[in-house]
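Student: Given these sequences and hints, build the entire structure.
Protein chains: 2
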Amino acid sequence: MTYCCGILVRDGLVMIADTRTNAGLDNISTFRKLYLFERPGERVLMLAASGNLSVTQGVVNLIGDGIEHPESGVVESVMNTPNMLHAAQLVGRAVRLSRSQMGNAEGEPAAQGVSFDVSLLLGGQIAGGPLRLFMIYTAGNSIECTPDTNYLQIGEHKYGKPILDRAVAYDTDIYDALKIGLISMDSTMRSNLSVGMPIDIALLRRDALEIEVATRIGSNDPYFRDLRESWSKALREAHMAIPKPPYSGRNA
Amino acid sequence: MTYCCGILVRDGLVMIADTRTNAGLDNISTFRKLYLFERPGERVLMLAASGNLSVTQGVVNLIGDGIEHPESGVVESVMNTPNMLHAAQLVGRAVRLSRSQMGNAEGEPAAQGVSFDVSLLLGGQIAGGPLRLFMIYTAGNSIECTPDTNYLQIGEHKYGKPILDRAVAYDTDIYDALKIGLISMDSTMRSNLSVGMPIDIALLRRDALEIEVATRIGSNDPYFRDLRESWSKALREAHMAIPKPPYSGRNA
Numbered sequence: 001m002t003y004c005c006g007i008l009v010r011d012g013l014v015m016i017a018d019t020r021t022n023a024g025l026d027n028i029s030t031f032r033k034l035y036l037f038e039r040p041g042e043r044v045l046m047l048a049a050s051g052n053l054s055v056t057q058g059v060v061n062l063i064g065d066g067i068e069h070p071e072s073g074v075v076e077s078v079m080n081t082p083n084m085l086h087a088a089q090l091v092g093r094a095v096r097l098s099r100s101q102m103g104n105a106e107g108e109p110a111a112q113g114v115s116f117d118v119s120l121l122l123g124g125q126i127a128g129g130p131l132r133l134f135m136i137y138t139a140g141n142s143i144e145c146t147p148d149t150n151y152l153q154i155g156e157h158k159y160g161k162p163i164l165d166r167a168v169a170y171d172t173d174i175y176d177a178l179k180i181g182l183i184s185m186d187s188t189m190r191s192n193l194s195v196g197m198p199i200d201i202a203l204l205r206r207d208a209l210e211i212e213v214a215t216r217i218g219s220n221d222p223y224f225r226d227l228r229e230s231w232s233k234a235l236r237e238a239h240m241a242i243p244k245p246p247y248s249g250r251n252a
Numbered sequence: 253m254t255y256c257c258g259i260l261v262r263d264g265l266v267m268i269a270d271t272r273t274n275a276g277l278d279n280i281s282t283f284r285k286l287y288l289f290e291r292p293g294e295r296v297l298m299l300a301a302s303g304n305l306s307v308t309q310g311v312v313n314l315i316g317d318g319i320e321h322p323e324s325g326v327v328e329s330v331m332n333t334p335n336m337l338h339a340a341q342l343v344g345r346a347v348r349l350s351r352s353q354m355g356n357a358e359g360e361p362a363a364q365g366v367s368f369d370v371s372l373l374l375g376g377q378i379a380g381g382p383l384r385l386f387m388i389y390t391a392g393n394s395i396e397c398t399p400d401t402n403y404l405q406i407g408e409h410k411y412g413k414p415i416l417d418r419a420v421a422y423d424t425d426i427y428d429a430l431k432i433g434l435i436s437m438d439s440t441m442r443s444n445l446s447v448g449m450p451i452d453i454a455l456l457r458r459d460a461l462e463i464e465v466a467t468r469i470g471s472n473d474p475y476f477r478d479l480r481e482s483w484s485k486a487l488r489e490a491h492m493a494i495p496k497p498p499y500s501g502r503n504a
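Going line by line, the protein sequences match chains F and P. In terms of this note's numbering, the first sequence is residues 1 to 252. In terms of this note's numbering, the second sequence is residues 253 to 504.
Where hints are given, some of them may not hold.
[Claimed, not checked] Covered stretches of chain P (in silico footprint by chain F; criterion: 3 or more residues with CB under 8 Å from a CB of chain F, positions within the stretch not fixed):
| id | stretch |
| --- | --- |
| 1 | 403–413 |
| 2 | 430–437 |
| 3 | 460–470 |
For the record, the hints were derived by calculation from the structure and aren't laboratory data. Positions of the beta carbon are idealized from the N, C-alpha and C atoms, including for glycine.
Tutor: Okay, here's the thing in structure tokens:
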């Protein structure tokens, strides 16, 4: 399926995405799902996509080329949209338009039993405004991430949610947030074959308006391999340190 | 929703079930989902249920009262079925019959948009045969747990799967298996409101033919409270011990 997460902390924003795509178990490929748009010093926008690949690739094309704004008539693209809220709405319009272009007009059931559903994460900062993170749904509506639950996930989110719930807060150091996001990805990949390596990551500091880290983590990456082994070892030691249950007898 | 797991180890079998039931978020109750059938020295059968409560309660009634066997005509119940494989097939027939009795005849879509789907775990031992664990599906078919992946889960299984994948094996001590199952339940409850306390547990040693532990764990249970805190603390220390990621620069 997919697993992507965006973690928003006081220091900035981290985005992590897997790359496994499948049209059935016998048709597995690697496709980029994390897209970066940058004009250094002026704007950074980062988009992670899950769901129907034809629709999400369509969204990326539309927001890059631009869509006529329904009210102003101006052709609005990811590189000229005035602020992050407008950017999230632009992605929403692109989702509706892309679905329609790919043959799933609004309100109609999808043909061939294919799902045209998508979910996207859009995070970033445009000069003059704050760093923000949004999730955009299949219908084109969106919600914003807040410090209360300072992360958003799309795709196979359940396996990796417990560690985010426990370990990440708004004041977590940004590189620790990246680390915890990678642990979250590791848990997901161990339990679900439809999520796989390589993994794309990006890190943006608040008010920097320039991407600090953007890289692809492959299977041979020594840090990630060590992270996976350390985490497994730590979990093993953690549960071995908990005493055995004292329960006995027939009480229920 | 529900979360139950059955863990089969060399020493025996552990069954764990939550008790939260809901007919919507504004209608939450506590209902037993782990049913124990025992004739000490001769048989122990343990049934955990998820899905439509009317259907699963129907199943429990039918296997207790007995159903006429389609081939022999004998009224077969959980207390006279000759072996665990027959018992799993009996539960399968009870599922189909219960669904039909509750108004969802085979092959017909459920009325009112209600789901009549169920999943059950049946584990136990009948004298003369081995200890076995099965999962029975909505259609009444079943699969058996094997030492390769020596656990089965029903309900909200994704949150709690990673720890079982990592920590439980066929040669795990039976009380350690219980402990890990409880950790699995803890992770699920933290991330999903539809799974909640109290928790019912049962433990059966191989060839004992008598339940060793059957008890209900409430919110004030000191061991479980300590387990949850220790696990949280251990996870926190575990990820703090992993060094920060070394990634830098724009490479992708």
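Student: Which earlier hints turn out false for this structure, listed by number in ascending order?
Tutor: none
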